[in-house]
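Keeping the supplied structure of chain A fixed, place chain B upon it in accordance with the hints.
Chains A and B are the protein sequences, given in the same order. Numbered according to this note's numbering, the first sequence terminates at residue 1376, and the numbering increases by one at each position without gaps. Numbered according to this note's numbering, the second sequence terminates at residue 1376, and the numbering increases by one at each position without gaps.
FYI, nobody ran anything at the bench for these hints, they're computed from the structure. Just so you know, these numbers come straight off a predicted model, no measurement behind them. Glycine is no exception: its CB is placed at the ideal position from the N, C-alpha and C atoms. Be careful, since some hints might not be right.
Derived list of chain B stretches under chain A, where covered just means 3 residues or more per stretch with a C-beta under 8 Å from a C-beta of chain A [what the hints assert, rightly or not]:
id : segment
1  : 1256-1269
2  : 1296-1303
3  : 1335-1348
4  : 1356-1365
Derived pair list, reagent style DSS-like, types lysine-lysine, alpha-carbon separation capped at 27 Å [unchecked claim]:
id : chain 1 : residue 1 : chain 2 : residue 2
5  : A       : K1243     : B       : K1239
6  : A       : K1239     : B       : K1243
7  : B       : K1312     : B       : K1239
8  : B       : K1279     : B       : K1335
9  : B       : K1220     : B       : K1312
10 : A       : K1335     : A       : K1312
11 : A       : K1239     : B       : K1220
12 : A       : K1335     : A       : K1220
2 protein chains.
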Amino acid sequence: MSAVKTVILAFGALSEPFWRDAVKEYEKRLSGLWPLSVIELPEARLPSSPSAAEISAALSAEAKAALARIPPRAYVVALCVEGRMLTSPELSAVMEKAAATHPEIWFLIGSSYGMDASLKARADLSLSFSRMTFPHALARVIAAEQIYRAAQISRGAPYHK
Amino acid sequence: MSAVKTVILAFGALSEPFWRDAVKEYEKRLSGLWPLSVIELPEARLPSSPSAAEISAALSAEAKAALARIPPRAYVVALCVEGRMLTSPELSAVMEKAAATHPEIWFLIGSSYGMDASLKARADLSLSFSRMTFPHALARVIAAEQIYRAAQISRGAPYHK
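Bound conformation, chain A alone:
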């Protein structure tokens, strides 16, 4: 397997300890494989019933902050419900190929209201886990688990369901 650093960039903190522990477990398992770090940017503050313009401004501010952090040579995967659906071996193959020419692979998870077009435009791949809507915290856990699964597939290790 090619060496590569993996990063999950998300907005807002994980409120429940069990979500944090689940992500930490996969960070631990990924060290030595495709080391994973999680970058948490603050979620833009919005009133409880925000207008479309307020949402748009918040998403744009979040995208700006995210784009400032993503290295130019990173391969970027944006997680969004309308993205491409891949099987786990297909994702592993995409990551293995990206790892050959990129030092880092970043997974972007939008905030409650989604992701600005400017951030989606930076992505090399738009990826959808499911037609279903998941909470952010769960999306983060699924991303961490799928990165670990992709690494295990890439190094030819057995990994049970």
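Chain B alone, transformed into the frame defined by chain A:
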């Protein structure tokens, strides 16, 4: 929303405390809505490199144990990767409709090697969360979260991503 009991039937125990806590959190949130209980049946024992015949016998034994537990009037959803993909509002509508004529809705999660045809045949709906492969524990958490989300959609409550 129509009253209905919900059940997740799965094989084997959750090894990590964070998975157990995540499922417990949704059980707590679902009480008073569509109360959720989890039934854990023992996973059939298999050698480390089982033959096809051994796997088939194990799945058949698991299916038998599961079928003995499922009430005749239950609406049954089998989770399998080749099932139908629904959005969260579509799943909520399916459950709301099932709740009108069934006292219980059961979600079946197979074991490491899958699910016997006899168990799939009992299902009113085969449902797929994703083209990706998830570990059982994560599938159980996703099922609990989607049942909670479906209940919230059904009662018209807002529920953030």
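Consistency of the hints with the structure:
1. 1256-1269: violated (count 0)
2. 1296-1303: Coverage by chain A holds here, the residue count being 4 at a Cβ distance below 8 Å.
3. 1335-1348: holds (count 5)
4. 1356-1365: holds (count 5)
5. A:K1243 <-> B:K1239: With a Cα-Cα distance of about 24 Å, the restraint between A:K1243 and B:K1239 holds, given a limit of 27 Å.
6. A:K1239 <-> B:K1243: 24 Å, holds
7. B:K1312 <-> B:K1239: 26 Å, holds
8. B:K1279 <-> B:K1335: The given pair, whose Cα atoms are some 12 Å apart, holds under the 27 Å limit.
9. B:K1220 <-> B:K1312: 14 Å, holds
10. A:K1335 <-> A:K1312: Given pair A:K1335, A:K1312 holds - Cα atoms ~21 Å apart, limit 27 Å.
11. A:K1239 <-> B:K1220: 34 Å, violated
12. A:K1335 <-> A:K1220: 21 Å, holds
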